[in-house]
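Trainee: Listed below, chain by chain, are the residues.
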Amino acid sequence: MKKDRKGPVLFSEYKPGSALLKAAGMSREDILFEIKDSGLKGRGGAGFPASVKWMLTASADSDRKFIVCNADEGEPGTFKDRVLLTEYPELVIEGMIIAGYTIGAKEGIIYLRAEYSYIKEFLENKIEEYRKNNLLGKNIASKEGVEFDIKIRLGSGAYVCGEETALIESLEGYRGEPRNKPPFPVNTGYLGCPTVVNNVETLAAVPHIINNGGEWLHKFGTDKSTGSKLFSVSGDCRYPGVYELPFGISIKDLLEISGAENTKAVQIGGASGLCFPESEFGRKLSFEDISTGGSVMIFDKSRDMLKVLKNFMEFFVEESCGQCTPCRIGNVRLLEGVKMIEKNEYTPEYIEKLKELCGTMKIASKCGLGQSSPNPFLSILENFKDEIFGKHLNLNYDEKGIKKSGITAAAHC
Amino acid sequence: MKKELRSPVSQRPHTAEDVNGKSGIGSEVSIELNGEKIKVALGKSILDICRENKIHIPTLCYHEDLCIAGNCRLCLVEIEGMKNLQTACSFPVTSPVKIKTFSDKVRKARKHIIDLLLSEHYGECYSCVRNNNCELQTLAREHGIDSYEFGHVCEPRFEIDNSSAAVIRDMDKCILCRRCVRTCIDLQEVGVLEAINKGYETKISTFLDLPLSDVICINCGQCINRCPTGALHANDPSDEVWKAIEDPRKHVVLQTAPSPRASIGEEFGLSPGHSMTGQLNTAARRIGFNKVFDTNFSADLTIMEEGTELLNRLKKALVDKDENVKLPQFTSCSPGWVKFIEHFYPEKLDYLSTAKSPQQMFGAVLKTFYAEESGIDPADIVTVALMPCAAKKFECNRPEMNSSGFKDVDYGLTTREMAKMIREAGLVLPELPKSGFDDPFGEATGSGLIFGSTGGVMEAALRTVYELVTGRPVPFDGLNIDVCRGMKGIKEASVKLENCKKEFSFLEGIDLKFIVAHGTANAKVVMDMLTKGELSGYHFVEIMACPGGCIGGGGQPIPTSESIRKLRAKAIYDEEGSLPVRKSHENPKIKYIYEKYFSDGPCGKLSHKLLHTGYYKRGKFIK
Amino acid sequence: MNETEKNTRREFIHVLISRHGAERTSLLPVLQEFQKKFGYIDGQSQQEIAFAMNIHPVEVNSIISFYSFLYDSPRGRNTVRICKNIVCDFHGSSEIADAVRKEFKLNSGNTSADGKITLEITNCFGLCDKSPSMIVNENVYEKIDKDSALKILRGL
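Chains as they are written, first to last, in numbering that gives the first Met the number 0: chain F, 0 to 412; chain S, 0 to 622; chain R, 0 to 155.
Treat the hints loosely; a few may be bogus.
Simulated crosslink set (BS3-like; lysine-lysine; CA at most 25 angstroms straight-line) [said to hold, decoys possible]: (1) S:K608 with S:K595; (2) R:K142 with F:K5; (3) F:K283 with S:K82.
Hints were generated in silico from the structure; no laboratory data involved.
One chain only, chain F, in its complex shape (with noise of 0.2 angstroms):
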């Protein structure tokens, strides 16, 4: 395992175990107020406080309730997961244990996105090794009525998965389709009972905020956004790879740290996320200014947005579940609309009409997915106007969408 990673939680010093001793010597409620009181928030890009939905489970009323670790890393450009399960698996598993502990949950599930599978018998071993050291099972750390076990489930190739609720429907042995909210997961989860779903990386911190209290996680970040947040830098840079940096680090900071020259642009939160041009690169990343999972790519001057927007699209097409109207057809609406672009067929009408069409499918799809699918569709076309609409000139319509037969002017969008 290689340790020659800094940061200033996740990638600090850790005695696998101390958490989880130090926990067991504290009552839930204790827990509960570390938690809230760092302010964590979920790292899948939400950014929904742990603590509601830890205090939430905990005060349902089951016998029978999940911890449900989301390792199903699908959004394009993320690999910090990856990392972590691979080379911090003890904070995961820790911040399990203890979160199981706290709202009462007796079974975890780690999610596995199946192109992960490479990493399922390390972790095994991982938990087996908790096992043998009385860290997992019964009467955990020899804390009488303690029980939790984790059990690994590999998803099957499906980016939807990673939605909260897609995910336990893929668990129960169905078709991975987003349900209904409300009811939500903390009431009304993996086979009816109350189940806390939580990204690796927010699980990963638990165990730091257990051994180092709640107040300490305020060290680092912002205001609004406290502790570190994984970025998996990636594309046109000398340093690609995972760095674990406070919240509230500029793009600017960003691309400096990870070596990238000559940026065009810059796509944060992956597919689903937004791209910023050189103007913005003094924004910040935190829950106040851009809210994101972590995904950052780069792309340099030399780069056609063009072609990142229509890669995009294609990817929300084929992933989409496929249940709701407006994310099953909207994307293909969208896509076909770059298509249109690329091949010069164009009306600058019917793309503000899909700009409009952008804003139903963000507010009526019925998931994350939906939701936010026409994020690159309208940050691209936007930010990069001059660069794509100067390259593809629309000669072949006029104003008015009607095909022209000769060439004469160009309309611009």
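Chain F is fixed; fit chains S and R onto it per the hints.
Mentor: Frame of chain F, contents of chains S and R only:
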């Protein structure tokens, strides 16, 4: 009727108890609906609240009979303080929310969704079987759609599957609301249709994409009744029927089943629950059918055969101590149910009565007895059956259904197809004068009539069996055996046989126990009880494949819902109560045919040849 | 498929179900392990699994079609995945994929005639920092190029 067990958690309806535990039941919450303050029961869905308050919310994937899906997104409403719109069908009200059902955002979103659906919907309305009764078309009209905002498909993407005698699938018209999937899997538990693939490639298909005729479809047609568009429709033989009518050499006879008569008025704008028996007879004659007969006649025949078969089985079991006799005896008049048991319980086929369904009995009688009596060459007789059913189309095409030496029933028409023929002929059914049925079969009894509703066969059979055994009418007020009636999924009851006639003394003191079930999901429950040995001591089981029985059949007018089915049932029971003869065995024409033709009586040699059949062990495994 | 082969599969399904349980929650693990052994899940086995778990066969079929890592038709002995996400694409993954196609003569379809490989051009599999990358069965190859990719595949 809502089946919850198999449906995924996401599709189960949420009650006040789910939301607030036991304390939630009965409590109320104040909300604001389009600016109006009202009090509603905690946990009720926004859609239900709106309907109660006479606010129309457009829906597509929602269907009263099915679990919630929330995937078409048309019923979106705006809730103050929430960034995203919420689906009214799935959203339970649990706090004092402020709801807007037609704000700018909402209207725009709905219009976009319809635009998107239309952009993928191949075909034109005027060339569609559901023209004027299509939910997508209605929505487009209601929302003022006047152009294809996002284009329109110009070429079909799928091949039409017309392999089945009953159900045709045209997936180019499918909007993926998945009502058919929920019908087939959750409501009927047959499991033929499911969503295949994901994303844009998603489509509704069968196991391994096989044609419908090669999978375990029971042809119940419930998917057709719940399809909002023309993607699923029945295999319509009316062109052939017209051709036969035009052919002067052909003697075309129509038999009409009771439940289409109770529902066909809906096709002409009447509210559910108006019986059109007399008008339909007139319409059929004006269209050019040479004779119109009442299927109730053969329903009475079925009761005689099935009832006698039951008594024979009882005698073999009780007197001869024959261990091979299978009891309880299951009814066999629902062809959907017959195919269901052939596929899913092939080892239990011996429990099924060998009596043919009324449709097939009539066909066989028409091409034998009737042909002889009227001196018409059976080769020239074309028998058409008006049925509430899609599966009847499959049934009449079964290769063994030719005991008359000809195809016993040539064509099966659904209620919808008959209505179409009447409209084609320029007739307005409700305005026509009434007329009676033709002889030699004349008017039938009320027993045949109530076959149309769940429990009807049982009630009719009890009236006859009880009286045959004891010599007295059934001990129920006005012959109405109420325990057989109503929409409960599985009903059971018993009647004690006392002071039996001498030849039935072996039945003295026996509690005749029976079960009535409708919908194949309920049939499954009954069959699993049988497998577990929980039905020993029971004698007779009535099963209808469709929810509500024939009045909810797959050939009935669209839409369907429990309240509509109840009204149709009521029309049948009301008509029945006023008939002079209400017991099958008292039907003078039945007496006549047994004297004249089936002279060795019910279950005799000739009736065995013409009125009984056998079944296939199909199994559920697809090779 | 001959009777012996059918029986082998049937027996293995029953082993899997006794290991995982017949509840619906076990469906995906059962399908995954079955596929691991036999390469794909044939129609006969889909039905066997469905009946043993009290699920409709069409649902099993539906689930296999939903998940891109489950297959219902025969495949090559080795599954080669090349990422098509934009980062890998910009780093040459599509050229590598083209080279593989040419080498193994994958004109139509994605399985080579000799059954050696099945090529899958997949969405991001989380190796963008080592882009372009390739996964062969469960082995990860980082920062490949045309030559190294072909060398790896020839050596299978």
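Trainee: Provide an ascending list of the numbers of those earlier hints which the structure does not satisfy.
Mentor: none
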